[in-house]
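2 protein chains.
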Amino acid sequence: MNNNNAPIGIFDSGFGGLTVMSAVTKLMPKENIIYFGDTAHVPYGSKSKDVVTNFALNISKFLVRNKVKLIVVACNTASAFSLTALKKNIDIPIIGVIKAGSKTAALNTKNNKIAVIGTEGTIKSNAYAKEIKKINKNIKVFSQACPLFVPLVEEGWFKTKITDDIIKFYLKNIVNKKIDTIILGCTHYPLIKQSIQKNIGNNIKIVDSANAVACEVKELLNKNNLSNNSKTVGKYSFYVSDSPDKFKKIGSKFFCKKIKTVKKMEII
Amino acid sequence: MNNNNAPIGIFDSGFGGLTVMSAVTKLMPKENIIYFGDTAHVPYGSKSKDVVTNFALNISKFLVRNKVKLIVVACNTASAFSLTALKKNIDIPIIGVIKAGSKTAALNTKNNKIAVIGTEGTIKSNAYAKEIKKINKNIKVFSQACPLFVPLVEEGWFKTKITDDIIKFYLKNIVNKKIDTIILGCTHYPLIKQSIQKNIGNNIKIVDSANAVACEVKELLNKNNLSNNSKTVGKYSFYVSDSPDKFKKIGSKFFCKKIKTVKKMEII
Numbered sequence: 080m081n082n083n084n085a086p087i088g089i090f091d092s093g094f095g096g097l098t099v100m101s102a103v104t105k106l107m108p109k110e111n112i113i114y115f116g117d118t119a120h121v122p123y124g125s126k127s128k129d130v131v132t133n134f135a136l137n138i139s140k141f142l143v144r145n146k147v148k149l150i151v152v153a154c155n156t157a158s159a160f161s162l163t164a165l166k167k168n169i170d171i172p173i174i175g176v177i178k179a180g181s182k183t184a185a186l187n188t189k190n191n192k193i194a195v196i197g198t199e200g201t202i203k204s205n206a207y208a209k210e211i212k213k214i215n216k217n218i219k220v221f222s223q224a225c226p227l228f229v230p231l232v233e234e235g236w237f238k239t240k241i242t243d244d245i246i247k248f249y250l251k252n253i254v255n256k257k258i259d260t261i262i263l264g265c266t267h268y269p270l271i272k273q274s275i276q277k278n279i280g281n282n283i284k285i286v287d288s289a290n291a292v293a294c295e296v297k298e299l300l301n302k303n304n305l306s307n308n309s310k311t312v313g314k315y316s317f318y319v320s321d322s323p324d325k326f327k328k329i330g331s332k333f334f335c336k337k338i339k340t341v342k343k344m345e346i347i
Numbered sequence: 080m081n082n083n084n085a086p087i088g089i090f091d092s093g094f095g096g097l098t099v100m101s102a103v104t105k106l107m108p109k110e111n112i113i114y115f116g117d118t119a120h121v122p123y124g125s126k127s128k129d130v131v132t133n134f135a136l137n138i139s140k141f142l143v144r145n146k147v148k149l150i151v152v153a154c155n156t157a158s159a160f161s162l163t164a165l166k167k168n169i170d171i172p173i174i175g176v177i178k179a180g181s182k183t184a185a186l187n188t189k190n191n192k193i194a195v196i197g198t199e200g201t202i203k204s205n206a207y208a209k210e211i212k213k214i215n216k217n218i219k220v221f222s223q224a225c226p227l228f229v230p231l232v233e234e235g236w237f238k239t240k241i242t243d244d245i246i247k248f249y250l251k252n253i254v255n256k257k258i259d260t261i262i263l264g265c266t267h268y269p270l271i272k273q274s275i276q277k278n279i280g281n282n283i284k285i286v287d288s289a290n291a292v293a294c295e296v297k298e299l300l301n302k303n304n305l306s307n308n309s310k311t312v313g314k315y316s317f318y319v320s321d322s323p324d325k326f327k328k329i330g331s332k333f334f335c336k337k338i339k340t341v342k343k344m345e346i347i
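For the record, the sequence lines run as chains A and B.
The working numbering applies: residue 80 is where the first sequence begins, and numbers increase by one.
The working numbering applies: residue 80 is where the second sequence begins, and numbers increase by one.
Everything labelled a hint here was simulated from the structure, so no lab data went into it.
One thing to keep in mind: the hints can contain errors.
Note that identical chains are pooled: a pair holds if it fits in a single copy or bridges any two copies.
As the list claims (entries may be wrong) - Only pairs whose alpha carbons sit at most 20 Å apart, straight line, appear in this in silico SDA-like list of lysine to any residue: (1) 105 / 234; (2) 328 / 343; (3) 203 / 234; (4) 251 / 235.
Please construct the entire structure, taking both the sequences and the accompanying hints into account.
As structure tokens, then:
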């Protein structure tokens with residue numbers, strides 16, 4: 080297999096990264112993809128930098144052993160905590176989700192007021208604010224951790240009254256700051272995007288990183304002559320560190336397509 | 080150190096087991112205790128039997144290396160999934176939380192209708208129903224997984240309107256079954272016990288395993304002449320696999336006492 084036909088590796092702590100994979104498959108249908116969901120260690124959002132970086136390194140090594148040509152860290156917490164360590168230790172191109180989301184939001188804002196919502200880890204890392212300030216230091220960034228959003232999404236409560244109440248509770252302070260753009264800094268959140276929009280009003284633009292990351296992947300493959308030029312559509316392999324059957328069932332909602340085969344792979 | 084002075088080992092996926100430890104310290108203030116919270120792998124409730132058993136075995140080996148005289152599996156999911164494997168592989172007495180809670184509930188019920196609430200893993204394992212049926216096969220057991228209770232407790236939302244609404248949503252079906260007893264089959268749930276009682280009414284008795292487990296520990300130590308006869312109060316050591324500072328902060332709420340020192344210990 081030459082490098083062009085080699086798969087793209089995408090990983091996340093669980094299901095969330097499938098929203099990124101879905102965007103990548105739509106933009107680059109010929110690319111082969113290996114997805115890894117670290118379901119034995121999910122969630123990453125409440126854990127420390129050291130622990131998350133250790134998980135991320137081990138998964139990246141697994142993907143490299145499987146000859147991927149590029150790795151997408153499709154998890155905001157791992158991108159915030161571990162991208163530097165991964166780039167130092169892994170010898171292929173690596174793309175996180177923070178830069179792409181920040182760029183899209185910075186291009187969108189007209190009043191230079193952006194909100195970022197995410198897990199405890201992502202918000203504490205301040206990674207989005209740092210990235211946005213690199214693009215335009217005049218932009219004000221307001222952050223809010225929303226620890227209950229991930230379990231809400233995993234419970235499938237996308238449009239319930241309880242979901243509305245929790246969204247209102249977490250977002251009331253940042254909406255009061257008159258932001259015009261909000262970044263969904265967690266790959267689970269696109270599944271409650273409609274409920275978020277309903278509760279914050281239509282004047283605020285919601286940016287989710289999935290499409291922006293897919294564009295960055297395409298650019299990088301083109302630049303390095305790594306795009307897959309095959310005439311057939313790509314093949315997808317799914318690996319998890321726990322509960323493949325559950326991944327098949329819930330993962331299909333995130334991927335918006337049926338996932339047929341999932342293999343279990345222990346990552347230490 | 081002779082065996083009587085040896086510490087008791089208590090472990091859980093995170094903070095929850097501190098409610099059990101608190102009950103043990105009240106009943107047996109002279110006992111030394113080593114607590115392990117597996118905060119790098121929390122939560123266990125949504126994970127598989129194999130993965131949880133692997134975590135539980137590695138923690139138990141760590142406790143044995145630290146010369147504990149007895150292990151309390153202060154986590155319902157690990158008790159449901161892993162007690163048999165632990166008893167097979169570890170050569171000291173091991174106590175789970177399921178048996179004690181089942182016994183207390185079976186003794187309490189007058190109309191032979193008991194409800195059990197817990198994590199997805201505990202409920203799917205059917206461990207409480209099996210244990211209760213061993214005591215009295217005429218008792219009907221109604222089960223309900225409540226996946227959002229753990230994140231609610233970890234967020235500190237013990238008495239909010241949202242907590243009330245989520246409790247009502249999960250418990251409405253089992254309350255309709257005219258149960259007179261409900262087991263809190265997760266060591267996080269005692270922290271929202273008052274809210275649960277308020278929403279199910281005062282006619283239903285809530286059983287949490289913590290006190291029942293403490294009594295079982297005391298009996299077992301007495302029976303094996305292993306009680307600590309020292310004249311001073313016990314010493315406590317706390318270990319976690321991630322984020323010791325967070326454990327100190329949140330753990331103090333569960334333990335109802337300030338936790339001063341927490342050491343980080345990687346468990347693979």
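Okay, the hints, checked on the actual structure:
In this assembly of identical chains, residue 105 and residue 234 lie within 20 Å of each other by CA distance neither inside one copy nor across copies; the values are 27 Å within and 37 Å between. With identical chains, the CA atoms of residue 328 and residue 343 are at most 20 Å apart within one copy only, with a shortest distance of 15 Å there and 35 Å across copies. In this homomeric assembly, residue 203 and residue 234 come within 20 Å of each other (Cα to Cα) only across copies, at 16 Å, whereas the closest approach inside a single copy is 25 Å. Proximity of residue 251 to residue 235 under the C-alpha cut-off of 20 Å is restricted to the inter-copy arrangement: shortest distance 19 Å between copies versus 23 Å within a copy.
Hint compliance for this structure: hint 1 alone is broken.
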